[in-house]
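Full structure from sequences and hints, please.
First to last, the protein sequences are chains P and B. For the first sequence, this note's numbering gives the first residue as 1, with consecutive numbering after it. For the second sequence, this note's numbering gives the first residue as 1001, with consecutive numbering after it.
I should point out that these hints are in silico values taken from the structure, not numbers from a laboratory. Any given hint might turn out to be false.
Derived coverage of chain B by chain P (criterion: at least 3 residues anywhere in the stretch with Cβ under 8 Å from a Cβ of chain P; other residues may be distant) [to be verified]:
1) 1001 to 1008
2) 1013 to 1019
3) 1025 to 1032
Glycine is no exception: its CB is placed at the ideal position from the N, C-alpha and C atoms.
Listed below, chain by chain, are the residues.
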Amino acid sequence: MAKANEGWGSRIGLILAMAGNAVGLGNFLRFPVQAIQNGGGTFIIPYFVSFLLMGIPLLWIEWSMGRYGGVRGFHSTPFILGSMGKKRMWKYVGTFAIFTNLGIISYYTYIESWTLSYTLKSIFQSFQGMNIHQVEGVFDQYAGIHGSLTDNKIDINIPTWGLVAFFVTLAVNIYILSKGLSSGIEKVAKIAMPLLVLFGIFLAIRGITLGHTGMPDCSTCNSQTGLDFLWTPDFSSLANPKIWLAAAGQIFFTLSVGMGTIHCYAAYLKKNDDVALNAMSAGWMNEFVEIVLGASIVIPIAVGYMGLDWVKENAGFMMAFKTMPYLFNQWGPILATLSGIAWFGLLFFAGITSSLAMGTPFIGFMEDEFGWSRKKGALMLGILIMILALPTIFFFEYGVFDEYDYWTGTVALVVFALAEVILFSWVFGLNKGWKEITRGADIKIPGIYKFIIKWVTPIFILIIFLTALVKPLHGELPDWQLAFHQLFTKGTWPWADDSIIAQLFHLNQKVVWFDHGVPTGMFFKDMARFLLLFTFLGLSYLTHIAFKKRKTSSKTLES
Amino acid sequence: MSTSALILMVSVQSLVTVVTVYFLMRVLKTPPKSESENTEN
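This is the structure we're talking about:
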């Protein structure tokens, strides 16, 4: 059933595809915002500690798990995990990774389509002469956002051009995926990654050297002030668990670990191909894009024109679309156009190299288990993405988009990573696991990592999961102390709104599905959850059928 | 920009760049494995 004739064309192609998988919009938008919200320059300390103790071990684990499964004819997570653990439940844990990718790719393709549209808008100089409010208005109009929800009426977001761009982006993704690894994904990675770095270097140089912009009535409008704010260490913040959790969380998102994409790419390696050096090279390439380029673009340029206070208040993901075009406008028409193309172009390349990786697990699964062709698998993936993505587009303002992001793009990653590290270190066994990591290695891995992978990484992830599960209000160190005090004295717990338990059971929220007969935001969020649950159950059923098929065929062979 | 911020930024970004280039060079300089190496147990 397994398809063994596919493979990577070159080692550098594989590394660029893996780095492309990791490098995403978060490298440019999430990392600098997390850093300024969590201790500025000091953030880099817990960030690096998390990278060394959790990120690197997870990279090695996922690369070697993928190769282990691939050598045995498995190219998708259910049976890669199933080949390492005897119990049937591991196959369903693996199914979780396909589900995660389907959930993320659905809303991610929509964001990717924004970057494509904005690249075109930059080429046609659509933002020229606009003030910041007009630039913000362009996005709201583009995404069909009303601004506020109307009483007694369902506000559906119908972004005409947004939908066209979404379908074009989806079609591009599906076409590339249908071309296969070496002729599709690898070719794109070889073009997109160098261009991304080139565009990033151009903008980073601009961000670092911008200096004082002379904006009227703005004493802090200086890119150096932005860099100063981003890099000034505040060592007292190191004692705050919130900062450690934010740093560990960022490592998860930035390396794309806990998703199953790395397994599926590595499943096309040969038995003695290196994973140790490859994983390091791809992982550090991602760090270069994040720490060197990502930290030198948005914040310094935004502080340069909007001032420090504005950035402190408004720093976030949407700055990419609602603020950056206005900032580029300050550089004159030619440089503004070039910068717009570079910025949205690099975001598009970062997005597409990630979404291609997210599409691979499902296609690999259908190829392996149901004998589908890559084209058929890619087409079915496109249909599934469309079904899952449309609610995030039409009910954007009701929080459906955020609901997907929370469950598939945040919680699921930690759960899957915890499960896979337990499987690798404890069920499969670290002695066998270590042999897999070091097999064919082109670098010597320090022996201390044997201890780290067995003990430190699982405990690290477990702590992240548990603290996210029961996070108390505000989540600072004194809040934890107060929460435990409240638990022991009053028997209650002050749940933070974004704790997993509070989210799951709608704690701190009024559960109302209909208001005067009109569905509320809660209704749409819960429907989004049902849709995600239904998707997971559907995928689990497919895994069940695949398992039965394999069992029957092995019995036939035996007889 | 304050001295401490400048030192931290330059040292961290230099370190990350050097390590990235080092691993990439190792990849590019390592000769590819032969088919026989990949079928060995």
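*Enumerate the violated hints, using their earlier numbering and listing them in ascending order.*
none
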